[in-house]
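K.L.:
Letter by letter, the chains look like this.
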Amino acid sequence: MAAVKEPIRLIPPSEIHGWKLSDAKGQEVPPKKIFDYMDGAGELYLAYKFHGLWVWTYHRDGDTSITVEAYEMGSPEEAFGVLSQDLDGENAKIGQESVYGVGLLRFWQGRWFFSILAGVETPQTRRAVLDLGRAFAAQISPEGERPELLSRLPSEGLAAHSIHYFHTQICLNSYYFFATENLLQLNEQTEAVMADYRFDSQSARILIVRYPSTLAAAKARAKFREVYLKGLTISPEPLQTAQIENGEWVGLRLDGKYLIVAFQSRVRDICQRLLKAVNLTKGGKQQ
Amino acid sequence: MSDYRYLTRRDFVRDGALGALALGVGAPVPRGAFAEAAGEAKSVVTLVRDEKVLDEAHKADPAVVKKMLDEVIKSVTGESSAAVGWKKLVKPDDVVGLVPTKAVNPTHEEVTKAVEAAVAEAGVAADRILSVQGKKDLVAKCTVLISLPALKTHWLTGLGTVMKNYITFGDKKASEFHQDKNGEMGSIWLLPAVKGKTRIVIVDALQPLFERGPKPDPKYLWHYNGLMAGTDPVAVETMALAILMAKRKAFKGEPWELTPPPLCVAAADKEYHLGTNDPSKIALKVSGWEKDLLVSA
Numbered sequence: 001m002a003a004v005k006e007p008i009r010l011i012p013p014s015e016i017h018g019w020k021l022s023d024a025k026g027q028e029v030p031p032k033k034i035f036d037y038m039d040g041a042g043e044l045y046l047a048y049k050f051h052g053l054w055v056w057t058y059h060r061d062g063d064t065s066i067t068v069e070a071y072e073m074g075s076p077e078e079a080f081g082v083l084s085q086d087l088d089g090e091n092a093k094i095g096q097e098s099v100y101g102v103g104l105l106r107f108w109q110g111r112w113f114f115s116i117l118a119g120v121e122t123p124q125t126r127r128a129v130l131d132l133g134r135a136f137a138a139q140i141s142p143e144g145e146r147p148e149l150l151s152r153l154p155s156e157g158l159a160a161h162s163i164h165y166f167h168t169q170i171c172l173n174s175y176y177f178f179a180t181e182n183l184l185q186l187n188e189q190t191e192a193v194m195a196d197y198r199f200d201s202q203s204a205r206i207l208i209v210r211y212p213s214t215l216a217a218a219k220a221r222a223k224f225r226e227v228y229l230k231g232l233t234i235s236p237e238p239l240q241t242a243q244i245e246n247g248e249w250v251g252l253r254l255d256g257k258y259l260i261v262a263f264q265s266r267v268r269d270i271c272q273r274l275l276k277a278v279n280l281t282k283g284g285k286q287q
Numbered sequence: 288m289s290d291y292r293y294l295t296r297r298d299f300v301r302d303g304a305l306g307a308l309a310l311g312v313g314a315p316v317p318r319g320a321f322a323e324a325a326g327e328a329k330s331v332v333t334l335v336r337d338e339k340v341l342d343e344a345h346k347a348d349p350a351v352v353k354k355m356l357d358e359v360i361k362s363v364t365g366e367s368s369a370a371v372g373w374k375k376l377v378k379p380d381d382v383v384g385l386v387p388t389k390a391v392n393p394t395h396e397e398v399t400k401a402v403e404a405a406v407a408e409a410g411v412a413a414d415r416i417l418s419v420q421g422k423k424d425l426v427a428k429c430t431v432l433i434s435l436p437a438l439k440t441h442w443l444t445g446l447g448t449v450m451k452n453y454i455t456f457g458d459k460k461a462s463e464f465h466q467d468k469n470g471e472m473g474s475i476w477l478l479p480a481v482k483g484k485t486r487i488v489i490v491d492a493l494q495p496l497f498e499r500g501p502k503p504d505p506k507y508l509w510h511y512n513g514l515m516a517g518t519d520p521v522a523v524e525t526m527a528l529a530i531l532m533a534k535r536k537a538f539k540g541e542p543w544e545l546t547p548p549p550l551c552v553a554a555a556d557k558e559y560h561l562g563t564n565d566p567s568k569i570a571l572k573v574s575g576w577e578k579d580l581l582v583s584a
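Chains as they are written, first to last, in the working numbering: chain A, 1 to 287; chain B, 288 to 584.
If you're looking for bench data, these hints aren't it; they were derived computationally from the structure.
All residues carry an ideal CB built from backbone N, CA and C; glycine is no exception.
Just to be clear, a hint being listed does not mean it is correct.
[To be verified] Here are the simulated BS3-like cross-link-like pairs (lysine-lysine), alpha carbons at most 27 Å apart as the crow flies:
| # | chain 1 | residue 1 | chain 2 | residue 2 |
| --- | --- | --- | --- | --- |
| 1 | B | K484 | B | K506 |
| 2 | A | K32 | B | K329 |
| 3 | B | K482 | A | K33 |
| 4 | B | K329 | B | K361 |
| 5 | B | K339 | B | K389 |
| 6 | A | K223 | B | K339 |
| 7 | B | K468 | A | K230 |
| 8 | A | K32 | B | K459 |
[What the hints assert, rightly or not] So the derived label-pair ranges between C-beta atoms look like this:
| # | chain 1 | residue 1 | chain 2 | residue 2 | range |
| --- | --- | --- | --- | --- | --- |
| 9 | A | Q27 | B | K378 | 21 to 31 Å |
| 10 | A | E28 | B | A537 | 35 to 45 Å |
| 11 | A | E145 | B | A407 | 55 to 65 Å |
| 12 | A | E145 | B | A404 | 23 to 33 Å |
[To be verified] Chain A is nowhere near these chain B residues, computed Cβ spacing over 12 Å in every case:
| # | residue |
| --- | --- |
| 13 | S368 |
| 14 | A427 |
| 15 | K468 |
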């Protein structure tokens with residue numbers, strides 16, 4: 001992962017299509033104050049190595065206000081991770097990756113994640129929101145790429161907007177519920193990517209977790225098997241599959257530091273195909 | 288369902304419809320399940336909607352809010368006038384704590400103000416009407432609480448409406464009621480400072496949030512234009528969940544489960560006995576705008 005580089009001082013435009021900046025200094029929110037700014041929501045950003053937030057507001061007489069939030073994250077991967085909470089929406093082609101819908105623009109550029117929101121969407125607010133996004137994106141050099149772990153996802157059948165990149169159980173639980181316990185033993189040192197797959201009338205999901213060590217990966221698989229697959233008939237390695245009570249198949253593949261879980265599939269073969277299709281080696285060597 | 292603190296998806300699957308309700312998988316509420324029936328007493332939940340309460344800028348019209356609130360109070364108390372109904376809920380010597388939601392899709396100020404005005408008209412002096420959200424010390428001084436949560440999902444608790452509205456009154460940090468611990472939010476309602484004080488829960492369902500956040504994404508907000516209320520907090524919460532799940536299903540075109548699972552609803556009934564989450568024991572009374580109601584009486 002890229003290290004944090006020189007600080008970037010963002011300069012908000014003083015005006016955009018008639019919306020005027022209310023305070024050029026804006027509001028600075030350090031990690032310790034994140035819950036004062038967004039009670040009940042700060043955990044998301046802290047889960048992605050949050051460094052700080054700057055907030056600016058724009059007003060236009062008789063119109064809705066526009067709020068710009070610029071989040072400095074620990075790395076480009078983390079900035080993408082925040083965006084990947086929800087990739088569903090219009091690609092506004094702003095920053096390195098963006099999503100727009102109903103007055104809200106979200107994008108990442110370098111190690112920054114931006115959220116720019118108009119209280120009400122109109123053609124005028126849409127133009128202002130998008131142009132504000134372009135003005136901020138222009139101040140940051142493109143840096144880094146999507147997390148390397150995403151390249152392990154099989155491409156066939158992938159629903160691109162369904163990708164989530166994260167580290168911890170708190171994020172997994174907001175995307176898919178396996179158990180109240182942290183069966184996969186996720187923590188700040190683990191990297192995970194989850195995505196949906198569609199194959200004609202069939203569907204499935206896949207979760208790839210990279211652990212700091214092969215031992216950690218093996219322990220996580222053991223815990224998952226012990227609790228989640230308890231009492232089920234499990235096929236032998238290397239692709240362990242089992243059918244849960246609602247007819248869905250769950251499959252596991254342990255390979256070095258990686259644990260792959262395929263799930264929510266009505267067809268065993270799809271589980272197995274997905275598990276096999278995950279490419280864990282680059283240049284013949286596991287990363 | 289077994290101990291809700293150690294659950295897996297398979298536990299919900301094995302529990303069938305109840306498990307589906309706890310997991311928020313779909314709307315396991317058959318048409319008419321909330322209908323009033325003779326015989327066993329039911330928890331009554333009132334839903335009042337008005338097409339004109341919100342404008343295009345999402346602003347609430349105070350006059351329409353007041354009219355809706357009057358209807359809610361008449362329905363909940365069974366009185367022919369709201370003024371008389373309020374006098375059943377509060378007395379002049381009460382200290383009344385209003386508990387609106389402040390964070391993440393907050394309660395509309397117009398709703399809170401309408402309730403405050405009605406309580407004052409019922410004879411409670413202004414200095415005995417307190418805004419107590421987030422103020423545990425003031426809650427202890429109240430003899431009556433009026434809960435005014437907004438209808439919303441929440442990315443850390445699944446559902447963020449009735450049970451969660453008292454999260455700041457708990458005996459531990461709010462974060463300790465998140466995730467797998469969201470089932471424990473019902474325990475807050477049994478703390479001495481809170482227990483037995485909630486005379487009515489009025490849910491602001493004017494513009495609910497039906498997908499997680501953590502900050503509201505406008506594509507997951509919609510004009511439902513409703514106020515929903517009752518004296519059984521769990522029954523009101525159950526209806527709140529039913530509306531959100533029906534909206535999620537309509538949005539996706541297929542069942543769209545809520546994660547993390549809103550364990551708080553079933554636990555409030557089975558563990559803390561605060562009311563019922565059994566649809567067959569809930570009577571829903573609906574009045575006003577009927578378009579896209581999502582639930583049926």
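K.L.:
Now tell me, hint by hint, if it's right for this structure.
P.N.:
Each hint tested on the structure:
Pair hint B:K484 plus B:K506 does not hold up; C-alpha atoms about 36 Å apart against a cutoff of 27 Å. About 47 Å separates the Cα atoms of A:K32 and B:K329, which puts this hinted pair outside 27 Å; it is violated. At roughly 32 Å between alpha-carbon atoms, B:K482 and A:K33 are farther apart than 27 Å, so this suggested pair is violated. For the suggested pair B:K329 and B:K361, the alpha carbons sit about 18 Å apart, so the restraint of at most 27 Å is met.
Taking the CA atoms of B:K339 and B:K389, the gap is near 24 Å; set against the 27 Å cutoff, the hint holds. Between A:K223 and B:K339, the direct Cα distance comes to roughly 54 Å. Violation of the 27 Å bound is thereby established for this hinted pair. About 23 Å separates the Cα atoms of B:K468 and A:K230, which keeps this hinted pair within 27 Å; it holds. Of the pairs offered as hints, the one joining A:K32 and B:K459 holds, with about 19 Å between alpha carbons and a cut-off of 27 Å not exceeded.
Range check, A:Q27 to B:K378: about 43 Å between beta-carbon atoms, so the 21 to 31 Å window is missed. A hinted range of 35 to 45 Å for the beta carbons of A:E28 and B:A537 is consistent with their spacing of about 41 Å. The beta-carbon spacing between A:E145 and B:A407, approximately 60 Å, falls within the hinted interval of 55 to 65 Å. In this structure, A:E145 and B:A404 break the distance hint of 23 to 33 Å, their C-beta atoms being roughly 56 Å apart.
The Cβ of B:S368 lies farther than 12 Å from every Cβ of chain A, with a closest approach of about 37 Å, so its non-interface assignment holds. No beta-carbon of chain A is positioned within 12 Å of the beta-carbon of B:A427; the least distance is around 21 Å. Not every C-beta of chain A lies more than 12 Å from that of B:K468, the closest at about 8 Å, which undercuts listing it as non-interface.
When the structure is compared with the earlier hints, violations turn up for hints 1, 2, 3, 6, 9, 12 and 15 and for no others.
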